[in-house]
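Residue strings, one per chain:
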Amino acid sequence: QKEVEQNSGPLSVPEGAIASLNCTYSDRVSQSFFWYRQYSGKSPELIMSIYSNGDKEDGRFTAQLNKASQYVSLLIRDSQPSDSATYLCAVNIGTNAGKSTFGDGTTLTVKP
Amino acid sequence: DGGITQSPKYLFRKEGQNVTLSCEQNLNHDAMYWYRQDPGQGLRLIYYSQIVNDFQKGDIAEGYSVSREKKESFPLTVTSAQKNPTAFYLCASSGGGDYNEQFFGPGTRLTVL
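In order, the protein sequences belong to chains A and E.
Per this note's numbering, the very first residue in the first sequence carries number 514; after that it's consecutive.
Per this note's numbering, the very first residue in the second sequence carries number 2; after that it's consecutive.
So that you can see chain E by itself, here it is in the shape it has in the complex:
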């Protein structure tokens, strides 16, 4: 089955720790994205990548880092510099075409203890 997987589903972190969230897709999509969603809020773009080995900052990149070494994978690291990391993190991918619509993974819920 084609799709986007994110792991883990739930993640607990102590303050001061870096954590890495996994995102993998087997849709052969070129572009991948990371969003953050806070309760009752819309989606805010953290980073996006339109091609392997290239990525751009979104609207709220501070305290986050990414890599895109493979087309299928776009991991997100939440660093200790991110002041309020507790949130729902969503990964998406898009494959171009007329609409270039994005498809989402199931998400990772990060809680800082």
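Excised from the complex, chain A in its bound form:
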């Protein structure tokens, strides 16, 4: 079993819809969770960080964390074609360990 697993996709949604991206992790002591957006040929860009159970909202993005179920998700509301990218989930073990384990990513396509 991989330490961090994501739906491989591709995920396709119409413009204006909600895109839902999911990630599960295997290590129960994982403390910090991140979502990165990566456009084709570019480096990953951090878009959300979360470490407490519940929801964290930033603009059109909402990260949801459920430590009991070892599950973190990213919701993108009012999806735009510019949101089309690969989304990487990353997990840190321990708040100061600084070592992230990345999932393989989910490719999202938003169709106009």
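Read the hints as simulated data drawn from the structure, not as lab findings.
Hints are all accurate, no fakes.
Calculated cross-link-like contacts (lysine to aspartate or glutamate; reagent style DMTMM-like; alpha-carbon spacing at most 25 angstroms):
1. E:K58 with A:D540
2. A:K555 with A:D617
3. E:K58 with A:E518
4. E:K10 with E:E73
5. E:K72 with A:E558
6. E:K58 with A:D617
7. A:K515 with E:E63
8. A:K612 with E:E73
9. E:K84 with A:D617
10. A:K580 with A:E570
11. E:K58 with E:E25
12. E:K58 with E:D39
13. A:K612 with E:E70
14. A:K569 with A:D591
15. A:K612 with E:D60
16. A:K569 with A:E518
17. A:K612 with E:E25
18. A:K612 with E:D31
19. E:K10 with E:D31
Mind docking chain E on chain A? Use the hints.
Just chain E, lined up with the frame of chain A:
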């Protein structure tokens, strides 16, 4: 502007040659990392350093070497022992805090001819 720079952007190497990829940051971050990304794949950790003059192997360190003589710099050498070096190489840094999130440089695309 604070950030992470990597050079060169594109690098071509003949088989049997060692090459060194540069990574510099002016974010005053203690920790730095090197990842490799193959097409359609996630990131795999090569080496990381949490403090100057110290570094640890990641999941795929064979065929690579690093040094951390200065806080700002973490160069990666891809040696001839690395069998499949063609990939996208990403450098990142993190500064601690509650999240200890990592920030990435623009990457170096290495192609072996």
